[in-house]
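Protein chains in written order, with full-length UniProt numbering: chain A, 1 to 191; chain B, 1 to 356.
No lab work stands behind these hints: they were computed from the structure.
Beta carbons are placed, not taken as given, at the ideal position from N, Cα and C, and that holds for glycine.
The reader is advised that the hints may include incorrect statements.
The list that follows gives simulated cross-link-like pairs (lysine-lysine, DSS-like), each with its CA atoms no further than 25 Å apart [claimed, not checked]:
hint, chain 1, residue 1, chain 2, residue 2
1, A, 12, B, 26
2, B, 181, B, 195
3, B, 346, B, 302
4, B, 26, A, 30
5, B, 137, A, 12
6, B, 82, B, 142
7, B, 85, A, 12
8, B, 137, B, 168
9, B, 256, B, 299
10, B, 137, B, 195
11, A, 12, B, 82
Here chain A is said to cover these stretches of chain B; the calculated rule only asks that three of the stretch's residues, wherever they fall, bring their Cβ under 8 Å from a Cβ of chain A [unchecked claim]:
hint, region
12, 6-16
13, 21-32
A few chain A residues facing chain B, derived, Cβ under 8 Å [to be verified]:
hint, residue
14, 29
15, 33
16, 34
17, 37
18, 55
19, 173
Listed here are the chains, written in short residue letters.
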Amino acid sequence: MQSESIYHVLTKMIEGDQQAFHALYEATYKDVYRTVSFLVDHPQDREDIMNEIYMQMWTSLPNYDPNRPFHFWLHGLVIRQVQRFRVKSWRRFRIFERIRVFSRQEHHWDQPTLRTDGTDPEISRAMHKLTDKQRTVIILRFYHDYKLEEIATLLNIPLGTVKSRYHAGLQLLRKQLVNLPLERKEKNNAY
Amino acid sequence: MPIESQISEYLHQEAETMECPPAVSKRIEQSYSQYVQRQRSKKTMKKRLISSFVAAVIMIPTAAFAAPPLIEMITRTPMTAKQVKMDAVGQAALEKLYRSYPETKSFEIIDASQLGGDPANASQGKAIQTSIVLQEKGAHGKMVRLDLNGITGEIEHVNQENWEPQEKPVISLTDQEIKSKVDDLINKLYGSSSKYECNMELMENSDQKTFILNYTEKGSATPFYQAFVQGNTISVSLIGGGPAPSVEGFFTTNGKPDYTADAFLNDEKLFSLLRMSPADLKQELAKGASVVEIAASKKISKQQVMDIIASTQAKKQIQADPHGGATNDNRTLEQLKQILEPKVLKVIEHKTETPW
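Can you make the complete structure from the sequences, with help from the hints?
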């Protein structure tokens with residue numbers, strides 16, 4: 001969707017136009033869902049975050065500056081909601097840990113679902129080894145093709161921090177992929 | 001292949017396999033509808049706060065449904081300008097307004113809502129009340145609010161705001177000028193004011209200068225129209241049209257009888273439920289207790305009180321409908337009762353001398 005028509009749709013959405021909502025949702029939901037899925041592993045969490053993102057979207061629509069690219073603004077929303085969610089779940093985790101220590105019960109954490117259908121299982125596994133912060137930078141860089149400067153603006157952190165997360169992330173990925181079985185390695189080094 | 005392109009390729013491929021579950025979309029859509037509804041009701045609330053006149057609190061409706069802005073109704077449904085124009089009652093009222101005040105044709109409908117009924121679905125039954133707010137463009141534009149009886153189409157209440165210049169609001173005019181302004185409003189929107197005797201009085205309201213004008217028919221105890229003038233607002237209510245209630249002024253405001261709740265409280269069944277005479281009830285209320293508290297002291301629940309009053313009012317409503325829009329069956333009765341409950345609740349929890 002072009003910026004101009006997006007602006008038109010947004011204005012209608014603020015007025016409560018259901019059709020405008022559908023148009024905007026259709027135009028964005030795949031991108032948003034995929035971004036969230038890369039950053040958050042558990043389906044239920046993804047669902048909650050999606051809902052939060054869209055709620056946040058229409059409540060903060062009046063703050064959107066139409067002169068700036070819509071997707072950049074949208075990704076800012078996505079990142080903030082994912083971060084908010086992490087803070088929240090970290091708090092929950094802390095409480096949970098305390099209970100666990102007292103009751104000495106074993107708990108089985110849900111294992112993140114690994115997708116192997118048609119995509120590279122090694123990279124997938126390697127991706128999961130990244131810290132959340134590294135992963136966010138990697139996704140923004142390689143999935144959304146943002147420049148490191150843009151990522152710094154999106155995450156509201158210094159460029160140096162972005163660079164260090166980016167390099168650390170890449171290095172970790174590289175290390176994981178180097179440990180691949182021989183035939184895979186050959187394929188990977190085919191350039 | 002360098003690792004960068006490998007990652008990028010992986011991410012794009014992986015993304016293609018990710019499908020957003022339909023449940024998520026559905027949930028978000030619902031959230032949006034709720035948000036829109038909340039926004040609308042917030043908007044109506046806000047505008048209603050501006051337009052509804054503070055002193056309207058002391059209105060004197062004896063007709064059952066004539067207390068529009070006093071009691072904020074929870075069950076109001078917002079309407080679009082288009083729905084207002086489609087609505088028979090709304091349309092007739094707008095035509096009347098346009099005829100009487102041609103300048104209002106250029107006004108914008110900034111708010112409209114219905115109590116009961118569903119503007120999008122006429123088969124859901126008629127609205128008890130339709131409210132429309134029109135405003136001239138500009139920060140201090142003239143504003144009119146009409147509250148219409150959904151059944152009879154009568155105008156129950158009019159608020160006229162900002163019709164005088166800001167620097168010389170209506171309240172600053174001479175008594176004679178104020179009266180002629182109110183006369184004019186009644187003549188144009190209700191009918192002739194000439195057959196009524198007008199009694200104009202400055203209210204003992206320390207916060208803001210307020211005039212009250214009672215238009216009373218000869219020999220009648222209750223006024224037919226009652227107007228309040230405050231700031232730059234004139235607000236007129238239709239009071240007459242029914243017999244005077246057996247007991248008047250169960251509550252008081254500023255030491256003057258407040259007729260707002262009379263139509264609800266003059267209920268034989270309520271008196272027998274409470275095992276009290278109307279005079280006793282008035283006396284108890286004067287001590288500052290609410291109807292609910294009085295009932296509780298007799299081990300009667302709030303729900304029982306609410307049921308009795310809502311059911312009497314709902315029956316009145318059904319009988320009052322000359323076109324048979326409301327049918328006399330239990331379902332309609334129950335629906336009407338439900339719509340009325342917030343109104344009733346306000347009355348039975350009210351304490352004398354406190355603002356509504």
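Indices of hints not satisfied (ascending): 9, 10
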